[in-house]
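Each chain is listed here by its residues.
There are 2 protein chains.
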Amino acid sequence: MADRNATTVMGRGESLLFLTDDQLRRGIEAMFFAYRGFTADPDRILQDYGYGRAHHRAIHFINRTPGTTVNNLLSILGVTKQSLNRVLRTLVEDDLVESRVGTRDKRERHLFLTPKGAALERALSEAQRNRMRDAYRAAGPEAVAGFRTVLEQMMNQEMRRHYLDDGDGPR
Amino acid sequence: MADRNATTVMGRGESLLFLTDDQLRRGIEAMFFAYRGFTADPDRILQDYGYGRAHHRAIHFINRTPGTTVNNLLSILGVTKQSLNRVLRTLVEDDLVESRVGTRDKRERHLFLTPKGAALERALSEAQRNRMRDAYRAAGPEAVAGFRTVLEQMMNQEMRRHYLDDGDGPR
DNA sequence: TTGGAAAGTCAACAAGGCTGACATAAACTG
DNA sequence: CAGTTTATGTCAGCCTTGTTGACTTTCCAA
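Same order as they appear, the protein sequences are chains D and E. Sequential numbering of the first sequence, starting at -15, is according to the numbering used here. Sequential numbering of the second sequence, starting at -15, is according to the numbering used here.
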């Protein structure tokens, strides 16, 4: 047990972390296995619709920021427009997403969930929130704070912007 | 700020977490964006070899448990044997992995990294460990413990077994 | 000794990434 | 106003990595 955990040593007023390769490897595998659990429930639901994770991601971020443009979604998702377009096309065809021509700039398309799309979004996010909530409850409040802190540090700088870019921050 | 974080209330000797849907949604997005960061560095390296994440995963777990069988790897990775086989075939062809016929049971193949494979493994895991270490350092020791705890709770039961199944536990 | 189960391989297909080329419309710029 | 840039969409084709189905080899138990 003592051999497994990171050791904290106080020196010169700062706490230093000594991390062995094995401890880091465990963190890496934790990410791998946890991400599988994280996506397992939505994946199951999506299968009934013939959709995949790509559809889930689009639906999630359209729900988070209704009226977002294709270009904005592109930079959040980090895929090519061809790839996103394929997904969006099926979602529009199936009446889950509505694509409205921009009023100010008519080149832009603003994306919204239809009632049908919102219903699927609720089913997906409810499943995912339930798992997240259960994990949080079992881990306790301090663990939750640490979890979020480490994840934020693990993101690329650019992604951190998108992650924060719907709150009360500047810009 | 006060509105953003989970609130802890002490009642009947237990701490209760009140989690809003927005707080949970942030956790969900944190996982999404962080996983992208988590895989970004290895992905870059793999590109030079013409490999993908599937190759990385195989190499990682063969390195962790040298001599593991295809079947064992299968249950860890959670893909079909046909899918894994394709990846393993290219790795064997490229002399990164050696597949030895089992001595006790000749149906089994035991997998090992060649020196070449071990070199790639080191490059990949070093990149990933560096990111993990930086995140840990920036987040601090308490955050790291919480991070691991929440991730462990988020795994499926079956995966938790694989995650722990190389340590000092029973069986 | 024979039939079933288990491990692994081959073939073919689908989802969802990618690049490249090109079209259209709208906005912007000199 | 002409030319360029921007936002979006589309077609074609490729790659990785998942899938299912069919098959071989090997092992084991009745």
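Everything labelled a hint here was simulated from the structure, so no lab data went into it. It cannot be assumed that every hint is accurate.
[Said to hold, decoys possible] Now the in silico label distances, taken between C-beta atoms and shown as ranges:
hint: 1; chain 1: E; residue 1: 142; chain 2: D; residue 2: 5; range: 39 to 47 angstroms
hint: 2; chain 1: E; residue 1: 62; chain 2: D; residue 2: 111; range: 43 to 51 angstroms
hint: 3; chain 1: D; residue 1: 5; chain 2: E; residue 2: 84; range: 32 to 40 angstroms
hint: 4; chain 1: E; residue 1: 142; chain 2: D; residue 2: 4; range: 41 to 49 angstroms
hint: 5; chain 1: D; residue 1: 29; chain 2: E; residue 2: 89; range: 20 to 28 angstroms
hint: 6; chain 1: E; residue 1: 122; chain 2: D; residue 2: 5; range: 13 to 21 angstroms
[Said to hold, decoys possible] Computed footprint of chain D on chain E, listed as stretches where at least three residues anywhere in the stretch have a Cβ under 8 angstroms from a Cβ of chain D:
hint: 7; region: 7 to 21
hint: 8; region: 64 to 78
hint: 9; region: 112 to 118
Quick caveat, the model's predicted, so the values are computed rather than measured. For glycine and all other residues, C-beta sits at the position ideal for the given N, C-alpha and C.
Confirm or reject the claim that residue 142 of chain E and residue 4 of chain D have a C-beta distance inside 41 to 49 angstroms. violated, 27 angstroms
Just to make sure I understand the rule, a stretch counts as covered if three or more of its residues have a C-beta closer than 8 angstroms to a C-beta of the chain. Does the region 112 to 118 of chain E meet that for chain D? holds (count 6)
Can you take a look at whether the region 7 to 21 of chain E is actually covered by chain D? Rule is 3+ residues, C-beta closer than 8 angstroms. holds (count 14)
Just to be sure I understand the hint, the distance between the Cβ atoms of residue 5 of chain D and residue 84 of chain E should be within 32 to 40 angstroms; is that true here? violated, 26 angstroms
Starting from the hint 20 to 28 angstroms, judge whether the C-beta atoms of residue 29 of chain D and residue 89 of chain E obey it. Given a distance of about 40 angstroms, which is not inside 20 to 28 angstroms, the answer is violated.
Note whether the CB distance of residue 122 of chain E and residue 5 of chain D lies within 13 to 21 angstroms or breaks it. holds, 19 angstroms
Take a look at whether the Cβ-Cβ distance between residue 142 of chain E and residue 5 of chain D falls inside 39 to 47 angstroms. violated, 26 angstroms
Is the coverage entry for the region 64 to 78 of chain E by chain D consistent with the three-residue Cβ rule at 8 angstroms? violated (count 0)
Note whether the CB distance of residue 62 of chain E and residue 111 of chain D lies within 43 to 51 angstroms or breaks it. violated, 18 angstroms
Violated hints for the displayed structure, listed by number in ascending order: 1, 2, 3, 4, 5 and 8.
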